[in-house]
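Novice: Sequence:
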Amino acid sequence: MMAVQQPQSPSLLQRSTSIFRRMSKRKSRPVLQPVPANLSSPRKLQRRPTKDDLNMITHVQTIEIPQRAPAVRAQKPKIESRQRVLASDMRTTPFPASHFVQTVAWNVFLTPEQAYSLVMGFQPTAMEDKWFIYAEGPDHSGKLKVHFHRSWTGMKIAELFILIDLKGEGAGKIVGIKWNRSEQTNGLEQDEAKYMVSTACAFVLGVHLENGVL
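Under the UniProt record's numbering, the residue at position 81 of the sequence shown is numbered 81, and the numbers go up by one with no gaps.
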């Protein structure tokens, strides 16, 4: 089992910026159900994000998640290290204080291998790597936030809001995306932000998102 590091950024603790905040008012409610053994496809986990899915908790706890090494892929990730990347591993800047930072729902299924790779993150070693990626969480309910920064400037481009099935094999789904569409990114639109995150995941993590640009 893998002991998940304490989150390094206080952003997940702020109620005002939390996409899942109303979920904390609900009494114990399962986030994702484990995949029954008699199902042939993990896509049974998919459903449309609800309003409850898009509300972040007000704190994150350190827990253990199912550890499952990524399977061999035709396209290898840029870096194969299994040491988890932390926010403190690189100097970064937060989202600008701007109404141009937007959040929308997104519904993308993640296999256990893909969820594991996003938890572990990515630390660049050269300018051409382009991205610095780290995750906060998951908390006791499986809520995870993944941060995407440009490697050469540290500028924050996007966040993914993810739910992990902690009671099963660690599959999950993306339920939302928050991105910077200010002048820093030349007014990045929603489809462009989803495409950029999808290509970043494929390029540095070997994670190919299903319906990644929908």
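The reader is advised that the hints may include incorrect statements.
What the hints assert, rightly or not - Quick list of simulated restraints, FRET-style, between CB atoms: (1) V104 to A126: 19 to 25 Å; (2) H140 to H208: 28 to 34 Å; (3) T103 to R82: 18 to 24 Å; (4) T199 to V104: 14 to 20 Å; (5) Y195 to H140: 20 to 26 Å; (6) Q83 to E183: 31 to 37 Å; (7) F100 to G154: 16 to 22 Å; (8) S98 to H140: 29 to 35 Å; (9) R91 to E169: 31 to 37 Å; (10) A126 to S98: 16 to 22 Å.
Think of the hints as simulated: they come from the structure by calculation, not from any bench.
If you're wondering where the values come from, they're calculated on a predicted model, not measured in any experiment.
Cβ coordinates follow ideal geometry from the N, Cα and C atoms, glycine included.
Novice: Of the hints stated earlier, which fail here?
Specialist: Structure breaks hints 1, 3, 5, 10.
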